[in-house]
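Construct all of the structure, not just a fragment, from the sequences and the given hints.
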Amino acid sequence: MAAKIRKLVVLVDETRIEMGKTIEPPTRRAVAMAVIENPFAGRYEQNLDALMAIGEELGGLLGEKCVQALGITPSQAESYGKAAIVGEAGELEHAAAILHPKLGAPLRKAVEKGAALVPSSKKMGTVGTAIDVPLGHKDAAYVRTHFDAVEARVSDAPRANEIVVAVAVTDSGRPLPRVGGLTKHDIKGEDGLR
Amino acid sequence: MSDLIEVRQILTQVEDIYHEGGPVAEKPLVRGAVAAVLKNPYAGRYEPDILPMMEALNPVGLEMAERLVKAMGVTPDDIESYGKGSIVGSAGELEHGALWHVPGGYAMRELLGWKGDRAAYKQGQSSGPKGLEGGRALSIVPSSKKVGAPGTRLDVPLTHVTASYIRGHFDAMEVWVPGAPAADEIVFVLVMATGGRIHQRVGGLTPEQISKFDGLR
Chain A
2 MAAKIRKLVV
12 LVDETRIEMG
22 KTIEPPTRRA
32 VAMAVIENPF
42 AGRYEQNLDA
52 LMAIGEELGG
62 LLGEKCVQAL
72 GITPSQAESY
82 GKAAIVGEAG
92 ELEHAAAILH
102 PKLGAPLRKA
112 VEKGAALVPS
122 SKKMGTVGTA
132 IDVPLGHKDA
142 AYVRTHFDAV
152 EARVSDAPRA
162 NEIVVAVAVT
172 DSGRPLPRVG
182 GLTKHDIKGE
192 DGLR
Chain V
819 MSDLIEVRQI
829 LTQVEDIYHE
839 GGPVAEKPLV
849 RGAVAAVLKN
859 PYAGRYEPDI
869 LPMMEALNPV
879 GLEMAERLVK
889 AMGVTPDDIE
899 SYGKGSIVGS
909 AGELEHGALW
919 HVPGGYAMRE
929 LLGWKGDRAA
939 YKQGQSSGPK
949 GLEGGRALSI
959 VPSSKKVGAP
969 GTRLDVPLTH
979 VTASYIRGHF
989 DAMEVWVPGA
999 PAADEIVFVL
1009 VMATGGRIHQ
1019 RVGGLTPEQI
1029 SKFDGLR
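Chain order of the listed sequences is A and V.
Our numbering puts the first residue of the first sequence at 2, with every later residue one more than the last.
Our numbering puts the first residue of the second sequence at 819, with every later residue one more than the last.
Just so you know, the hints here were simulated from the structure itself, not pulled from any lab data.
Mixed in with the good hints, there may be bad ones.
From chain A, some residues computed to sit far from chain V (all C-beta separations above 10 Å) [said to hold, decoys possible]:
hint, residue
1, Lys8
2, Leu9
3, Thr74
4, Arg179
Distance condition first, Cα-Cα at most 25 Å in a straight line; then the derived DSS-like pairs of lysine-lysine [to be verified]:
hint, chain 1, residue 1, chain 2, residue 2
5, V, Lys1030, A, Lys189
6, V, Lys845, V, Lys888
7, V, Lys857, V, Lys964
8, A, Lys114, A, Lys185
9, V, Lys1030, A, Lys124
10, A, Lys22, V, Lys888
11, V, Lys857, A, Lys22
12, V, Lys845, A, Lys124
13, A, Lys110, A, Lys185
14, A, Lys110, A, Lys189
15, A, Lys185, V, Lys964
16, A, Lys189, A, Lys114
17, V, Lys1030, A, Lys114
The C-beta atom is built at its ideal place from N, Cα and C for all residues, glycine as well.
As structure tokens, then:
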């Protein structure tokens, strides 16, 4: 079953100055959000396969939207994350069904490689609820300069029978990284960790 | 305690979850968060060297982790997933929130009996020995951070403590402190849970199937 998408929202957050210091080039985070109808709103459904298929569809769509919005090639993507907000007639597990089984593979295709776990968050919410999408380096989860998060929010969603699905992609880490640890230049990018 | 550390307030929040519209669990899922409101010693200016505070936060983290397990009414052995986060007040910068990466993660791993090399962990080089001889807290501690006004809410991700890819344990908890952070404050957060999502049924790796003990699978 294809996702019934009511709307798509894409935003790019570009930081040019942080704490008075010019960031050159600016750090940029993109978030693409889809507002979809929840096919299981209002009842307990044991089999969530339909939501898993929707996750697969949205992983590619939203990942590509982010890369496009950043105006980069897939290989220039540096970190990523995913999240979902379930409207009140659904349950938290509906978010899990969209996010975890099948969303990752097409998203990785959209950003090239992606050896690392895609960090995630989920919650129940209502119209205008915001969610923090965690961000981690796409090939090595321990890259400390890229641990971050970006807020996703659609002002008129999710309504009770809807789910907001968000994918975030960046072309950079935090603007002024200086807490040490692993950097992107030191990674092997094979085991997904370092 | 270091003069970089001034704790104004500590808030703990515990949820006992019995069901969410489906079958009632035999044992409720307990999810808890502890948030500490600290003065931001670097507020209002660009300070290049902020690493001293990272070191100074170690005991704060440990105390928070211990307090949280106690508030949840469980023992460290009952903890199955964890996460961490920070909310920086508006006179600070996002990077100040990143100071929590080492002390926050280290605190919970330590509490759960992790036996890795602390010095290497601080350098970001290694999370310690592979396999259960390294203890069971082998996974990276997932995190989120943001700059926000008093009362700002932060979604803190949760993942399984031994293997990040355990699908039933991917979760998140919304945390906030009414009235904090003020412009010159930072809220540091730890979250822990005693199990996976209450109606987890989307398949994937289960705790019984952990075989590699590399923090992932």
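Here is what the structure says about each hint:
1. Once the 10 Å rule is applied to beta carbons, Lys8 (chain A) is consistent with being away from chain V; the minimum gap is 22 Å.
2. Every Cβ of chain V is farther than 10 Å from the Cβ of Leu9 (chain A); the closest lies at roughly 21 Å, confirming the non-interface assignment.
3. Every C-beta of chain V lies more than 10 Å from that of Thr74 (chain A), the closest at about 26 Å, which supports listing it as non-interface.
4. At roughly 6 Å, the least C-beta separation between Arg179 (chain A) and chain V is not larger than 10 Å, which violates its mark as non-interface.
5. In summary, the hint linking Lys1030 (chain V) to Lys189 (chain A) is supported, as the alpha carbons are separated by about 19 Å, within the 25 Å threshold.
6. In summary, the hint linking Lys845 (chain V) to Lys888 (chain V) is supported, as the alpha carbons are separated by about 18 Å, within the 25 Å threshold.
7. Distance restraint check for Lys857 (chain V) and Lys964 (chain V): the Cα-Cα separation of roughly 16 Å lies within the 25 Å cut-off, and the hinted pair is therefore satisfied.
8. Under the criterion of a C-alpha separation no larger than 25 Å, the hint pairing Lys114 (chain A) with Lys185 (chain A) is consistent with the structure, at around 14 Å.
9. Proximity of Lys1030 (chain V) to Lys124 (chain A) is assessed by CA-CA distance (about 30 Å); at most 25 Å being required, the pair is judged violated.
10. For the hint pairing Lys22 (chain A) with Lys888 (chain V), the CA-to-CA distance comes to about 43 Å; that exceeds 25 Å, so the pair is violated.
11. As the CA atoms of Lys857 (chain V) and Lys22 (chain A) are separated by approximately 23 Å, the hinted pair is consistent with the 25 Å bound.
12. Annotation: proposed proximity of Lys845 (chain V) to Lys124 (chain A) holds, straight-line Cα distance about 22 Å (limit 25 Å).
13. A hinted pair counts as satisfied when its Cα atoms are at most 25 Å apart, and Lys110 (chain A) with Lys185 (chain A) qualifies at roughly 20 Å.
14. Of the supplied pair hints, the one linking Lys110 (chain A) and Lys189 (chain A) holds, its CA atoms being roughly 19 Å apart against a limit of 25 Å.
15. In summary, the hint linking Lys185 (chain A) to Lys964 (chain V) is supported, as the alpha carbons are separated by about 22 Å, within the 25 Å threshold.
16. A C-alpha spacing of about 12 Å is found between Lys189 (chain A) and Lys114 (chain A), which places the hinted pair at or below 25 Å, so the restraint holds.
17. Only pairs whose Cα atoms come within 25 Å are accepted, and Lys1030 (chain V) paired with Lys114 (chain A) is accepted, the gap being roughly 22 Å.
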